[in-house]
Every structure is written in structure tokens, then in C-alpha cells.
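Heads up: the sequence lines are chains X and U, in that order. Sequential numbering of the first sequence, starting at 0, is according to numbering that gives the first Met the number 0. Sequential numbering of the second sequence, starting at 0, is according to numbering that gives the first Met the number 0.
A portion of the hints provided could be inaccurate.
Pairs of lysine to any residue, SDA-like flavour, derived with a Cα cap of 20 angstroms [unchecked claim]:
1. U/K712 x X/E149
2. U/K712 x X/T49
3. X/K96 x U/K712
4. X/K52 x U/G719
5. U/K430 x U/H471
6. U/K593 x U/S501
7. U/K712 x X/T42
8. U/K712 x X/G53
9. X/K96 x U/D368
10. U/K57 x U/L104
11. U/K499 x U/K593
12. U/K79 x U/A110
13. X/K96 x U/T364
Across the chosen pairs, the derived CB separations fall in these ranges [stated by the list, open to error]:
14. U/G652 x X/S74: 54 to 60 angstroms
15. U/T542 x X/G91: 46 to 52 angstroms
16. U/P493 x X/G91: 56 to 62 angstroms
17. U/A369 x X/G91: 18 to 24 angstroms
18. X/G91 x U/L534: 37 to 43 angstroms
19. U/G724 x X/S19: 33 to 39 angstroms
20. U/T542 x X/V75: 50 to 56 angstroms
21. U/T31 x X/G91: 33 to 39 angstroms
22. U/E629 x X/C39: 35 to 41 angstroms
23. U/K361 x X/V75: 50 to 56 angstroms
24. X/G91 x U/K30: 34 to 40 angstroms
25. U/V390 x X/A105: 28 to 34 angstroms
Rather than coming from a laboratory, the hints here were simulated on the basis of the structure. Even for Gly, the Cβ is constructed at its ideal location relative to N, Cα and C.
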Amino acid sequence: MSILATTDTKTKTGRYLTFSLGHESYGIPVLNVREIIRLCAITPVPRMPTHIKGVINLRGTVIAVLDLRAKFQLSVGDYSDRACIIVVQLNGPDGSKNLMGAIVDAVEEVVQLSDDTIEPPPDFGGSPDTQYIMGVTTSTGSVKTLLDIEKIFLDDASITRSLPEGSARDTNLLGQGK
Amino acid sequence: MTNLPPSSLAQAIDIHSRFAVELAFVVPGEKTGLLPINSFFMDLEDLLNKDVPEPVSKSIAAGRDWINETFDGPGTFSEKTIKLLNEWHGWFGEALSAWDQGKPLPAHPEAWTSGEVIPVAEVATSTPAPEVAEEPVITQEKAIVLNLKDDAELLNEFHGESVELLQNIEQGLLVLEDNPGDSGTINSIFRAFHTFKGAAGFLRLLALQDLAHDLESLLDAARQSKIRITTPIIDIILAGSDALKNYTFQIGLQLKGTNAGKPIVVPTSELILRVRAALRGELPPEPTPPQPIAAPEPTSVEPPKKETSAPQVQATEKALEVIPPKETPATSIAVNVTHLNPTPTTSKEPTEIKDQSSGFVKLDTSKLDALIDLVGELVIAQSMVVQDPDVQSLESRTLARSLRQLSRTTSELQRNAMSLRMVPVRAAFQKMTRLVRDIGAHQKKQVQLVLDGEETELDRNIVEKLADPLVHMIRNAVDHGIEAPADRIANGKPALGTIKLSASHQRGGILIRIQDDGKGLNADKILAKGIERGLVAPNAELTESEIYNLIFMPGFSTAETITDLSGRGVGMDVVKRNIEGLRGKVEIQSVLGKGSTFNILLPLTLAIIDGLLVGVGNDRYIIPTISVRESFRPKPGMVTTIHERGAMVSVRGKQTPVLRLGQFLGTTGVKATTDEEGIIIVVESGDAMRGILVDELIGKQEVVIKSLGETFKDQNLLAGAAVLGDGAVGLILDVDTLVKL
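Generate coordinates for the entire structure from the input sequences, incorporating the hints supplied.
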């Protein structure tokens, strides 16, 4: 186990922001977190995967917002008034900086974790998919799953596809009966 | 005669025409265009390597030789090479068209290979003769005369930039004085002179260009450690930069209206000799110019800045008279000119020049964008405060007054912030004057370019991106629109062709119009060619404007444009793409034999669009007004269907497909349950039209366009987003996609 952990050259030591999704607790590196804002009105973007909730106006910049519960196929429910949007900054491989928002149920705390307290994700043999998971820690008293936020978001950074010509005709949406 | 596959010939013709574009921007002493032209020659060599008639292969070889000489030699174009290239281009064009038509090729000009220059009248007039850099002795001072009418904007830019460059040079020299070996500083001075030279060359300020060229060579030698920087060398360079400063100063004065149009003479010949001597490693002679200055007329010692008095005018006129005689020694002119500026060489008078440079601040555009974003946010916050129910329930007069004050100030602030991005199209237009002059001269056509509405302001991003399409279209107008003088006279037109380039406000945007009085587009030939190229079905029935639009199709080859069979076509698909990239449109009007008009309709700015805000269910979308033709509430029976699907509506006698937006987007809570409860917005893109059925029309609004970011970059349903008055995000529909769905 520890061998596995050391083969990963990237150190995981650092501060993590933890938050809850349903009954579970997760963490992401604080370095990626730009700010936390209250859940506000989100403009839905049509014809997008369900976990892309839409866009919001962050002081003049339009940013995409993801629903992490939908992303991980957790049970869907209404958001409580503790729900927030965590604004993360993604550093693209080409040096570009991209802001995205993630809706979480509640923000918990910031914890300092070191490599030796982080275990690699267990292998479930397929489901649930652990590709977005950096590791698991129990050092804070409860189990927290640490997410590879860049992987999650960069994955979604260009999820959208363009509409082919004539697609409305194919699906009979062009003036279909009432 | 060898037959070449038509595709190679077409490619050769294409290269030939791109060659012309590069050639038009080649400037003596500059290396701009050197690499492209070199690669054109290589392309031609590859393309025509086998079985080409001897004159063609010989001419390409000759061209490559000139370029190689340039590479081996100065690395920049000389007047002579440019002249040769111009001749070559003309000859090659003739050769290609003769070849295409199966006629005998023109003979290979012998002079090319022997290195001599054939005098071609037209070319010679546009390019003053021998290269100055090689001339050992200069006996005459060069005067520069500013074209204040046409080049004012460029000169202003040049002036501002030069003052800055010269200040940098001076500071650099002072560093060198303490630390002569500092290669970084030598490099930066070298680059500054180089930039200066380039700018001066572009404006044809030959005297400045020559001096800057020599100074640049001197620094280049220092850069390569061929000479050592010593105090006498620094003195020479300082003297040189002072002379340039002097010129710049005079240009500044003329720009402000003082002595406008008078020739500017600053004694430089002696300086140039000293620079060259230094370059050869000879000990520079003592600076002499100050001596004659003290001598004759003692009248004017004041700075010339505010002076428009008689003696000065006299002095300038005298300078004018004195120049022509060749034997006039430099010094005597120096005397006359001294009145214009009493301190020609020795200098530490930067104060006077400094206060000319203020007035502009160079600014990173991203800072500007951030400012505009923040102002937008401020306006939204302001309206949120004003409309807040709690605030409105307060019955306070002072509060109401303060809020009104706040509203006024914020909207004023917004207007100001928006105007920061706007620049007049003048600079972009004036560059075309040069292009027309060059192409006209080289094609032996008489063309004038008339500019109108240059003061019209556009977003600077648009002005920048407009340059390329304009070059193409103006070039085409000269190339294919305007006929040769003889043909024009035969057709009862004046020999002098006119191209009118104008800008004006129209339909909430800017209309740029390129109008020529040339031969117009020949619809029959364009259609025939469109069919030949497989762009239209042979039996298609097209309207005139549909036919004209064929020239914008990719693949509407340029092959015949040069042989005069058809109209335009050089890269017109690129032109159209560029303009559509700016959310603009191009329209063509043409009358055969009378001329063509290209109308480019552009939005005022890329940052703001006029949009229709429409509601579908609980969502709001923005449709750019520029694409909206009309909107109406359909009456029962107006929307008909085919096969019980395929709904359409008659718009001005044309059956137009209807897209029910709510249904298409999968919006929940669509309010218009029947077509008659909704509103149809008719949008168009290119020739395609579509009726978009929405629930309601909320209003018309100017919105600041925001990028949707990486996440949505691969979708084409939305063109962007905008922050609406209440702070929420509204999505802008991409009409180009909607009409094709």
C-alpha cells in the first residue's frame, strides 16, 4: 500500500478544503479553490449533460457550474440553504487558467494532510469508478475522499459537442405537431 | 510548347497573385516580405520544375538569385531588388497568361541575368533610383516633405513612437558611456534604431531612414564586436539621435499646424559620413557642424515652437530654394536650417521634446477589458440598488436625489469606458492609399483612392482584424475592377479609375463600402465558372446576388482572374470568413461595365451587441438584432405543415421553416402551447432564413458579450453569454447554427 503511494511522484501533502455531498465527505486541494459563494440563480444551458447545471455571473465573468452529486451519480435531492458553489481555478496544460464552479451540499473545513495519511483509493473492480479519486484519508476522524479536481473538471472542460446541420430535421423537432 | 496540367498553372497563378500582395509591402531597407517571397520562388521552382519553357525557368532562377544575393548581402531589400522584383512580377504574369492561352511566351529579359536594370517608366517613378547606402559621398542634404493630408494619422503615430524610441536610445547611450561593453544595451539601441528606420521607411521619410540605417549599421558592428564602443563613437550616435530628434520635433510642429507642408531639412550628410568613417574603423573627425551655425544671421535663437513669424518662414523658403543646386555644400544649408531649431547637434534639451509625447497612454488591452467588465458590474449593482423594493419603499427625497445622481454618473462612466475601445478607421484606410498607389503603378493603371468617413469610430479589435480583408478587396478592385487606361477611354470613362473607400453609420453598425468604377462583375461568366467548378448545379436558377456570392465560395479558383475572363476571386472566401468572424456581412452590388460595390456591414464593437431578449418557458435568450429580419405573432392558419411535421410560415412570399425553440431546447414550462400564442422571430444568416418560435418578446437590449469559456467551446448552439440587467446570465443564440438546423 505504501509502495503504491510512493510510486505516485506527485506529493499530496497540503491543505484540503473538505465539503459534503449527501452523507459523504470529500476534499479538494485548497490551491485550486478561488472562492466559495452562496448558491445563486443558475442559468441553465440547454442540451448539456445533466451534471452541467448551467452558467453564473461571477462579477462579470461567466463561469460554468457543475453539480458534483450528479457528476458522481449520487442520489439527487434539493439543495439546502447550506449549499454553496466552490469556484475552482483549473490550470490547463497550456498555462491557461479557467474558472469553474462546483455545487456542494455544505462546506466543512480546511485540513492539513500529509502523504503518509493519504491512502490510495481502494479498487472496486469497476464501479464506482475511482479515476477521479486521489486518495482516501481517515486522519480527521471520519473518512474523506480526496478528489482530483483537475481531472474532474478538465474532463468536462470540453464535454460539449456542436450540433450537426439538419439535426432538427432528423429528430423532427423542426415544427413537429403540437 | 509544353502543356502543363491545369492545376499547376492555377497554382502558379495563385502564387503570382499572392506574390503581388507581399511585394506591395516590401520597403527598401526592410526585410518584410523577404521570407515569403523566397518561399514563393521555391514553390514555383518545385511546381514548375519539369518541362517548363526556358524563359520561365530562367526567370525563376534569376529571381532566386536576387533573393539569395539579398540574403547574402544586407539581408534587407534594396531599391534595385524591389524594382527587379516588380519587373519580374509583371513579366511572369504576362508569361503565365500567354502560356495559359497557348500564345508564345515573352522573351526572357536579358538584363536580369546580367544584373542590369531595365528602365521601366512606371516602376521607376514609384521607386527613386540608386541605393543611398552605397553612395560614398553625399553632397546634398535631403529634405523631407510630409504628406500631412493623407498620412496625418500615421505621422502622429510615428511621432509619438519616435519620441519614445529616441528617449530610450539616449538613455541607453548614457548607460553605454559608463559601461561600453553592455551588450544588452547595445542590442536595445540597435533595435530602437531598426524600428525607427522601419517606421520612417514606411512613411517614405528617406532622410530619416538613411541616417537611422547608418546608425543601425554602426550599432550592428558594435553588436558583433567589429568595433568597440568608445566615447567618440557614443558622441556620433548621440549626434545622430539628436538629428533624428530634430526631425521628429519638426514633424511634431507641422502636425500641430506650424509650417505645415514645408520641407524639413536637418543637416545630416556630414553626420552620415562620420558614421560611415566610424564604421570603417577610422577615427571620427571632430564634429564640425556647430561652427557655421554661429556665423551669419543672428535673428532667431528662440525655440521655434510658438513661432510663426516672418523671418522663420523666410528661412524655410530659403532652405527650399537652396536645395536644388547639386553643388550646394551641406554647410550652407545647415546655416539656413539652423533657424528652425537652434540646437541641431549638441543636446541636452529633452524637456522641450518630452512635453510633446504626453497625451497618450499605452495600455494593456486586458486591463481595459477588465475595466469595462467592472463598469458593467457597477451599472448592474446600481440598478439593483435603485430597484430594490426596500429602497423604493423609503420616501426620502435626499435618497431619491442621490440615487438619480448615482444613475447619471454610472451611465456616464459606462459610456466613457465603452468609448475607450473605439478608434477611428482612418489609420486602416490610409494604409490602403499606399497599396493602391503601388499596385496601380505596377499594373500600369491609373487609379485614385478616395477616402470618406475616416473619422468613423470602430472597436479597435475590429479595425485590426479588418486590415486583411480590406487589403484583399482593395487589391482586387485595382487588379480586376479597374481597367487599363486605354480600355477605359474606349468605354467612354476617364482614364483615371476611382476607388471609393468609405465608412458610415448604418443600421446600428458600421458600413464600409468599397466602390470602384471599373468593369463590374460578369454574372454569366461567374455562373459558368461556378458550374465548371462544381459549386452550383448546371441547371440551377440563381438570382444575380446569389451568383455574385459564388465568388465567396472556397474553391472558386483564381485561375481565370488573371487572364481577365472573370471578375474577382483572390481569397474572397477568406475575406468573407474574416468578416463573418467579426459578426459582419458582405454584400455585392455590381453593374457590368459600370463598376462594383462591396458593402461590409460590421457591428460597432465586438464587445457589445444589440440583442432581442426573448423568453421561452422560464429561460431567456438573446438573439443578435443584426440577424433579425422581422418578428410577428402568427395568425391562425399562417403556420402550415408538410407531412404533419416540417412547419413553415410564409414570410414576404417565401415559405420559411419554423423552429419551435422551446421544444428544440427541451425547455420545461413552455407557455405558448399553440403557435398562435407565441411569436415568430425571423432570423437570417447568409441566404438561409428561419422562423424561431418563442413564447414572448421581452425587449431589446444592448448587452456586453462574454465568452462562455472552455466548457462550452465545442458547442455551436450558443454564441456567448451576457449579463442581463438583473445580474443573471442570458445566453446568446448562434443564429448561424439555428438557420441550418
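Could you tell me which of the numbered hints above are not met by this structure, giving the numbers in increasing order? Hints that this structure does not satisfy do not exist here, as all of them hold.
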